[in-house]
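Participant: Spelled out, the chains give:
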Amino acid sequence: MAQIFRPSSNTVAPGVLVALALTPLVLGGVVWLLVWSPYSTAVGVPMNQAVPFSHQHHVGGLGIDCRYCHTGVETAAFAGVPTTRTCMTCHSQLWTEAPLLKPVRESLIANEPMRWKRVHALPDYVYFDHSIHVAKGISCVSCHGRVDRMPLVAKQETLYMRWCLDCHRHPERKLRAPGEVFDMASRDPSPEVGRQRLKAYQIQPARLLDCSLCHR
Amino acid sequence: MDLTELKQAVERLQRCGGEKGRLEGWRSLEELADTTEFRELLEREFAVPPDEADNRAGLKRREFLQILGGTLGLAGLAGLAGCTVRPRGEIVPYVEQPESLVPGKPLFYATALEFGGYGRGVLVETHEGRPTKVEGNRLHPASLGATSLFEQATILDLYNPARSAAVLHRNGPGDWPAYLQALQTALLKLPPGGEGLHLLTGTITSPAFGEQWNMIVQRYPAARWHRYEPIHDDAFLEAERGAGWEPSEHRYHFDRARVVVSFGCDFLFALPGSVRYARELMAGRSGERAEMNRIYVLESVPTLTGAYADEREAVRTAGPDGIAAHAAALAAELGVEVRFSGTWPGGGAAAWARRVAADLLAERNRNGALLLAGGDQPPVVHSLVRAMNARLGSYGDGKGTISLLPPLVQNRVHQGESLAELAAAMKAGKARVVMMLGGDWVQTAPADLDFAEALEQVPLSIHCGLYLDKTARRATWHLPQAHPLEAWGDTRSFDGTASLCQPMIEPLYGGHSLHEVLDGLARFPGRSGYEIIRSHWVAPGRLDEAAWRRALHDGVVEGSAPVAAAANPGGGGQVEVALGEPEAGLELVLGPDPSLWDGRYAQNAWLQELPRPIHHLSWGNAFLIGPATGERLGLESGEWVRVRGGEEEVAIEGPVVIQPGVADGAVGLTLGCGLWAGSDESPFRVRQPTVLLNRTEAAHERGESGVDAYPIRTRAHPWRRAVVLERTGRNDRAVTTQHHHLMEGRDLLRMGTRAELLERYPASGNEPLPTFYNLTEEMNDAYAWAMVIDLTRCIGCNACVVACQAENNIPPVGRDQVERGREMHWIRVDTYHFGDPDQPEFGFQPLACVHCETAPCEPVCPVEATVHDREGLNLQVYNRCIGTRYCSNNCPYKVRRFNFFRYAEGSAREPLQLMANPNVTVRARGVMEKCTYCVQRINAARISARKENRLIRDGEVIPACAQACPTETIVFGNRNDRGSRVAKRKESPFHYALLGDRNTRPRTTYLARLRNPDRPPSAT
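Line by line, the protein sequences are chains A and B.
Heads up: the first sequence at position 201 corresponds to 204 in this note's numbering, and the numbers run straight through without jumps.
Heads up: the second sequence at position 797 corresponds to 800 in this note's numbering, and the numbers run straight through without jumps.
Some hints here could point you the wrong way.
Unchecked claim - Which residues of chain B face chain A? A partial, calculated answer using Cβ under 7 Å:
#1 P96
#2 V98
#3 S289
#4 D872
#5 R873
#6 K950
#7 I955
Said to hold, decoys possible - The calculated SDA-like cross-link candidates involving lysine to any residue, where the alpha carbons are at most 20 Å apart (straight line), are:
#8 A:K177 / B:R949
#9 B:K950 / A:V34
#10 B:K950 / A:Y130
For the record, the hints were derived by calculation from the structure and aren't laboratory data.
None of the values given here were measured: they were computed from a predicted structure.
Note that the Cβ used here is the ideal one computed from N, Cα and C, for glycine as well.
Please model the entire structure based on the sequences and the hints provided.
Facilitator: Set out below in structure tokens:
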């Protein structure tokens, strides 16, 4: 009877063993890459909207304050997206014929709301509140990035829970002075200043790690 | 349970001198008897329905492996599905933002909801135009910030997919213009006076409705308005007519009462002013005061009021030892001229009367007497009560315990006669146009009126209602009614205060308000609801523009309450009493259902599933008999019987439940169960039924929604009748949650008089035992949330349970799941019985997660899904939970609830998804859940406090259960704040922790139930 294993088997066998050992690692690596890739996180992927609204133009160019359109940001959990009427305060005077703005005009005429694709979406079991973050010195830039430089808005951060916790563990690294919260150019404070602000805002970092803070 | 076992239990109770019975409660007779069945249930945690108990180990090894393999395969597929990117959805802003609306912030609107025709003021929470929760209105006299369970559950009625959504013509398709035309044609054919035009409604207090009717009468002078409400007070009207009293309505003042004697009146639950009355009664019953008021109740079947009473007598209605005999004997003792024809009151009644009379006449109780007669009592009891109240000086506004108000209802008639008159006119062919607004009279009319048959004789009958009920099917036209939260309206409360009702949302299923439908009789095409209400109120002598806006904002029309009569009306001389001979047979006692009332809430899955107080029956009712009667007839709980009224052929069938406290010889049954008015037969089922609808419907189709009592209810016997009981041979238990979530332990509910409690529990038990947990390090926050439940105040009304359900998106699970012990209510109200099973005392104990500081659930969770936060909350993290159920197993209080199936599926779909509270996660299958202390409300308060750099104030966070509670039983707050109400209650000598000896250090603690009986503790 001929031998089942040829001499070359001696070369193949360790190869197979190594491959078997590596497969889980490689698979894990692939999953890891997938989870952190823009395919899954959507970080840096601009979203096409019905009206290509440019924050770069309106915020960076014209200097309109965030709160002009996002009216709920200081009072409610939800920052709010402007109503058609808000757009038309200016655009009933400016660019009244522009084809780009046709959907906005039609929305007003038909009394049909605009439909914007969501860029920042949190899972339904997370209860994030804009108003308290803004009141305690967390700047728009810290989560949304330099919106004033984005022609079309793209996510700047993953919004994963780990990322939330990074800041909830060390809030002092991100705190701005009260006047700087809506300032796009404001920067993270030095450790010394950060600690002072932590005290001034009366933030208790230990409490920031309780599950019940965000999950109900 | 076996009868011999019960007998043994009672004997044991008597042998041990009442110690177990008097100071240690039991939940049910089975527990008292300590049967093997009961012990097994206690150990098993979840009940197994009887049909499955036998093949519990029926799964073969092979089947198990097959299922295991299949599960693994599916899990693999599910894993792949997890790799897809979640859709991100859209943001849809307003075109023009409504004034004062900020997306994400709720708005509250004041309105009023009607209970039996009388208004109760509420505030409705709306999220971007969706009503999601009803709260009480502090400014409204009938509410004072609290609600009953009915107001809480109305939000489900609003979205209920079973609601009628289309105009029907002869049970086929119709439309509104065609209806208007048909109505106009018929009205033109009427004789000039309008003979043959009939209106039928329930109780209506709306002033605008009255004005509308006056306009119709001007046009058709011969038109008739009939009124019939199944739960009526005709007997009082008969007494009033018989004695020639000035027509009046009672407004009681329980805060001025020292001694309350109720002859079958369930004043804590069944009166239009009950929510207010319960609060007022507590003014004289808090633990801090040494002097307490005293409540005597006589009744045949336990009600909430009877269960709460200091002294309750379970007696029959008639005979020498009945309720009337007690009333007559007491009246005689008090010096009222009573003439007995035939029998005299029995010895028991006479002895009781002497004792109570002495109490009533005692100097300390001067001007503090309040006697009440139930609406279901015969006229003679009303006459006696009137005479006694007059004698004791109870009347008079300002300081008396009873104010007499001018009649508040429109069209005050004898309702039984009024409906009979209509039925006669219909049968004689004289009724040409009959408009029936907001009721199901084919179902609820006395059986001997043959209302359905009479309705056939009417050429044009119009029905307007919320559901496609039996009347809707038989009327020529059915019009869908707009829900009270969808329509303009007005109403009066129990004290006459008027309220405006405003719509929160456009009608979800189309529909018109009763005002709008009625207006069609006066003009074509009729005005809108807004025009009708506004034109009535904004008029000279009523309201100006500013006052109208103010009334809408506040929810009450200022100064609209009528002035009460000041004088003592007098009792009107001699009262004749014919007691009748002692009755040997059985007496059927009918009454409203504590969840479904007269059946108008039968479509509401929350209320259907809600365990009824005392016997905890869910999804239906049963024939309640006392242990003595059960023993005499040889009947056990679960046996089915046929109940026949006298010689008539009509009989109803259902299971028997042995309930301690039912008078010997009485058979208790509630109205309103066993009805189904859903769209099952309808060819016009516009929407797909949701899971929720299926649950109500399926239970009904299998005959599992209880016993319909209406077929046996006749004109002559609306409340009581002699009946015969026959066995059917069927044995099928009624679903009750009495045994679910049992806690094995002592001192669960502490109850007794002040002296008894202080003697038995000298140390308040506040000092915790030593522990190895490092609690100071873990919980050193500014806040330590805690709750104290004052059992002296709890009347067991279930408002907290429904409020919790509405606030926390808790789904109903259906009858078969309840039978398995899988109901999802986060808070439950346990009932304990004390003493003699035939004349027991009752105690209620609301119980939700007690948030132990050293929580037994936490160390057993393998994935840290249940953890503590720094403020002392025991959290359940749904996303970590993998459903091992170890936590529930290890919980000594049995307050954790598990999603065995996708119970919440219905609430995630249209239209019920609109009802969901957006601030609470909807839980998935396989996840454990429990009371969170309404963490969403704590977080909202914390955020607003932190923005202002201050601490949360006492009373700023009110959990849903505490907010709904009519009696302020539940108080929640920060224990670290020495001035808070919670901290103050914890200093009471009656304070105790449930199962405190387990050293779980619960944050929810109790104040013992104080009672104030006159007689010495009965040695059973």
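Participant: All the hints need checking, so say for each whether the structure fits it.
Facilitator: Results for each hint:
no. : hint            : verdict
1   : P96             : holds (4 Å)
2   : V98             : holds (4 Å)
3   : S289            : violated (32 Å)
4   : D872            : holds (4 Å)
5   : R873            : holds (6 Å)
6   : K950            : holds (5 Å)
7   : I955            : violated (13 Å)
8   : A:K177 / B:R949 : holds (18 Å)
9   : B:K950 / A:V34  : violated (41 Å)
10  : B:K950 / A:Y130 : holds (17 Å)
Hints 3, 7, 9 from the earlier list are contradicted by this structure; the remaining hints agree with it.
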